[in-house]
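Please model the entire structure based on the sequences and the hints provided.
2 protein chains.
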Amino acid sequence: MNTQAVLDFILTLDGLKAVERRTVPSGMSRRENSAEHSWHGAMCALLLADECAFAVDVKHAALLFLMHDVPEIGCGDTFIYAPEREDAAQREAAALELLLATLPGHTVKNLRELWQEFTANQTPEARYANALDRLMPLLHNLSHDGLGWREHGVRLEQILERTVQLGEVLPKIWAILRPRIENHFSGA
Amino acid sequence: MNTQAVLDFILTLDGLKAVERRTVPSGMSRRENSAEHSWHGAMCALLLADECAFAVDVKHAALLFLMHDVPEIGCGDTFIYAPEREDAAQREAAALELLLATLPGHTVKNLRELWQEFTANQTPEARYANALDRLMPLLHNLSHDGLGWREHGVRLEQILERTVQLGEVLPKIWAILRPRIENHFSGA
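Residue numbers (the working numbering), protein chains in the order written: chain A, 281 to 468; chain B, 281 to 468.
Everything labelled a hint here was simulated from the structure, so no lab data went into it.
A portion of the hints provided could be inaccurate.
If chains are identical, the list can't say which one is meant, so a pair holds when it fits in one copy or spans any two.
[Said to hold, decoys possible] Cut-off 20 Å, straight-line C-alpha distance, at most; resulting in silico cross-link-like pairs (SDA-like, lysine to any residue):
#1 Lys339 to Gln396
#2 Lys452 to Val336
#3 Lys452 to Gln284
#4 Lys339 to Thr403
#5 Lys339 to Ala329
#6 Lys339 to Thr387
#7 Lys452 to Thr387
#8 Lys339 to Leu326
As structure tokens, then:
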């Protein structure tokens, strides 16, 4: 029955609260999970539209962020600097279909399209949401003196490679953060 | 400087990840925090629009849910069955103003209006979002055989008093859940 399937799926979503990321929220000593990260990113979508280099539908960008990590319930988080990152989207697409399998067709379509739009990273809202997804670990790492970078041996060049889009989408913020990140790695 | 104030506020929002609720997510053994709850509720807004007794703007309802607990960063969560619940809105309004104090004026206005709309509980989206806020602990408690109700000595009448709006807004879901809740309390 459709209503029961949706209620079951709501409890399935609890699984994202158990998916651990590599970053530690500021002022905390435990790692972040992907559910609270998804809330945080959607709030950032509300907060940073003025800083975006192009016009965006803030509400739609927030929805993309809410949905972007849901497949991790099935396949876990892939660290952005891990080699497995290359085929993460394929594994996530498969995991998503399994998670959505019992839901009504129009709900599946709606959720799948949100995830696909974020992952394709082509629309203004998807480019904005992806830039936010890059921004947040930078803020967390800077707030903990590079804790996550040190723990995982991340190098400055890796960060700069992965933040090209952040610089294009949120240029003013990148202009503030880039020197701080460079200072961290130069030991200044 | 405005951009720096927004970046600081993004880290302030991390505080919601440290606010503990009384409920335990399904399949987990720790309590939920208000940040992951806010993500979950916004997802429910996407999922349950078909079940709502009236038409709602799903994206707007999701935003209301994203913002509704932010004042707890300043004043903590108030258990729905606690006597302090009576003046929670006043404490939260004051806490919110302190949190927002350094942000640009239009951002303050936007965030404050979202919180006020949720709390006033008058618009269709606010009524829907408030009903979801009641629904979620019921689902969690049922998934843990009433764990939160047992721990806090909650009685059936208290639940029924607090779920009148849930029954009005999501009648089909309430028709499914009410007998399960009554069965729990009758020991069936």
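Here's how the hints hold up against the structure:
1. When the C-alpha separation of lysine 339 and glutamine 396 is checked against a cutoff of 20 Å, the pair qualifies both within a copy, at 17 Å, and between copies, at 18 Å.
2. Proximity of lysine 452 to valine 336 under the C-alpha cut-off of 20 Å is restricted to the intra-copy arrangement: shortest distance 16 Å within a copy versus 36 Å between copies.
3. Only between protomers do lysine 452 and glutamine 284 lie at most 20 Å apart by alpha-carbon distance; the minimum there is 10 Å, versus 47 Å within a single protomer.
4. Both within a single protomer and between protomers do lysine 339 and threonine 403 lie at most 20 Å apart by alpha-carbon distance, with minima of 14 Å and 18 Å respectively.
5. For the homomeric pair lysine 339 and alanine 329, the shortest alpha-carbon distances inside one copy (10 Å) and between copies (16 Å) are both at most 20 Å.
6. Proximity of lysine 339 and threonine 387 under a CA criterion of 20 Å is satisfied in both settings, with 18 Å inside one chain copy and 15 Å between copies.
7. Within a single copy, lysine 452 and threonine 387 get their C-alpha atoms only as close as 37 Å, which misses the 20 Å cut-off; across copies the closest is 17 Å, which meets it.
8. Taking CA atoms no more than 20 Å apart as the test, lysine 339 paired with leucine 326 passes in both settings, with 7 Å inside one copy and 12 Å between copies.
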